[in-house]
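Construct the complete structure from the given sequences, taking the supplied hints into account.
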Amino acid sequence: MLFMRRISSLICIFVFLILGLFPATVARAQVENPKPQLALVVSFQQGSVKSNAPVVVTIWISNQSDVPITHARLVVTKPEFLLLHVSSCDSPTQITQVELGEIPPRSTVPQPVSICFTLNRKAAIAGNYNILMSVVYRWKDGIDLVSVEKALWVDLIGVDAILGVPLAFAGFILPGLMMLVALRWFKVPVAKNLEPVDRLIYAILLSLVLLGPFSWLATRPSAPSWATWLDFQQQVSIERLVVYTLVGLLIGLIIGLAYWAVERRKARAAEFKASLQLKTGDQPPQLLKKALLLNPKYDGKRIFLQTKDSQHIIYGYHYAEYDKSLYVFAHFQLIISLLPQELQTKVHRMIDSAGSSGLDRKHLLAILDMLADDTANAFIIADPVVKLATDGKPAPPAPDLAYMIVDKDLYLPPQVDSRQSGCLLEVLEEMPY
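Letter by letter, the sequence shown follows residues 1 to 433 in our numbering.
What the hints contain is simulated information worked out from the structure, not anything from laboratory work.
Don't take every hint at face value.
Computed list of lysine-lysine pairs in BS3-like fashion (alpha-carbon distance at most 25 Å, straight line) [to be verified]:
no.: 1; residue 1: Lys346; residue 2: Lys266
no.: 2; residue 1: Lys362; residue 2: Lys279
no.: 3; residue 1: Lys122; residue 2: Lys78
no.: 4; residue 1: Lys289; residue 2: Lys150
no.: 5; residue 1: Lys346; residue 2: Lys289
no.: 6; residue 1: Lys140; residue 2: Lys35
no.: 7; residue 1: Lys289; residue 2: Lys279
no.: 8; residue 1: Lys408; residue 2: Lys273
no.: 9; residue 1: Lys266; residue 2: Lys192
no.: 10; residue 1: Lys408; residue 2: Lys324
no.: 11; residue 1: Lys346; residue 2: Lys324
no.: 12; residue 1: Lys122; residue 2: Lys150
no.: 13; residue 1: Lys362; residue 2: Lys289
no.: 14; residue 1: Lys273; residue 2: Lys346
no.: 15; residue 1: Lys187; residue 2: Lys266
no.: 16; residue 1: Lys324; residue 2: Lys273
no.: 17; residue 1: Lys289; residue 2: Lys324
no.: 18; residue 1: Lys266; residue 2: Lys279
no.: 19; residue 1: Lys78; residue 2: Lys150
no.: 20; residue 1: Lys362; residue 2: Lys346
no.: 21; residue 1: Lys279; residue 2: Lys408
no.: 22; residue 1: Lys279; residue 2: Lys324
no.: 23; residue 1: Lys289; residue 2: Lys266
Distance windows between CB atoms, simulated [what the hints assert, rightly or not]:
no.: 24; residue 1: Ala382; residue 2: Trp260; range: 17 to 27 Å
no.: 25; residue 1: Leu246; residue 2: Leu194; range: 17 to 27 Å
no.: 26; residue 1: Leu246; residue 2: Leu145; range: 36 to 46 Å
no.: 27; residue 1: Leu194; residue 2: Thr58; range: 45 to 55 Å
Backbone N, C-alpha and C define an ideal beta-carbon position, used for all residues, glycine too.
As structure tokens, then:
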């Protein structure tokens, strides 16, 4: 038993001696074959990459040991939609590694390595991603690496906000919304009585329609510099949002003004047509003027209108259309000698200006404007419109009319020959009787 105890004590002493000598051996081996100590410092200019808003990365590398490093290279592990550029964000896209070469002992890379991340918008997916940056290097006893991992947020619409609303989201709404506001000022039907949800949808669609072409133009190589201010793919700022809003308001004002002009023209046309409505109290000059304005294509021919069933004939010198009906007018006469001397002179000048071709519609309207102050009844209805029986016998007594309203669907104007030619207005120097 005593012998066994002595054997166990010797074994323990031997083990302690071995363990005591081993660290010294390891330390001596490390002194004889030191390992490089490489330091890697990575700084992101910002924590997120946005559409056409690149992230600049600065990397410092130093060799803190007495061992020279060779064949060093920077390797970047990232999502595929992040594009890597070296030196500047305008440089061509690079592969995921950058050659560094040799790093002497106790030295730092003379200039920090500058790389840039841009976003391939077509393939990008929003989210938070880890970017691994490693320096792989060689030394006399092998290969080693040092790495740093940094988080980077991929932002596709931007997180800058005003009054709690993201600017990028506001950029999709305000242009179309301001356009709708301008259209409502001019009472354009499409912008009236919209529900809030419908108004929001319309605003987004109109924004895309308004700024989509400019966004496409900004991507062209020959695009003007101002087009970038209207590019949806650019990061939205307060200044860019103001430009978007002004563009939507301006286009809305242009469309609203055009709509107002068209509606105003329609209203004036309706007012003008209403002013041509014949009234029982109209004087002969008023009747003739309305007749000429109702039928601008009047060619000076005497017109006969006949019913389809040949039951009776309506005789007149002029006809015009109004509200799907035909108005048949009588023969008017102007007796110059009955006019005041001043009006006689003006009428004679108008007749002389017409020349040998005779008075046309333009001249007749000018004469009628002169007769606005005629109080001598120089303008009369010479041949009132009457109804005639088809058998040639006189029709039943009927009051003489300056005009008659004829159903357009029942009457067709026959062919007019030279014997039937006449004038709606006959200008005479003296009374014919």
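Which hints from the list above does the structure break, by number from lowest to highest? The structure breaks hints 1, 4, 11, 14, 24, 26; every other hint is satisfied.
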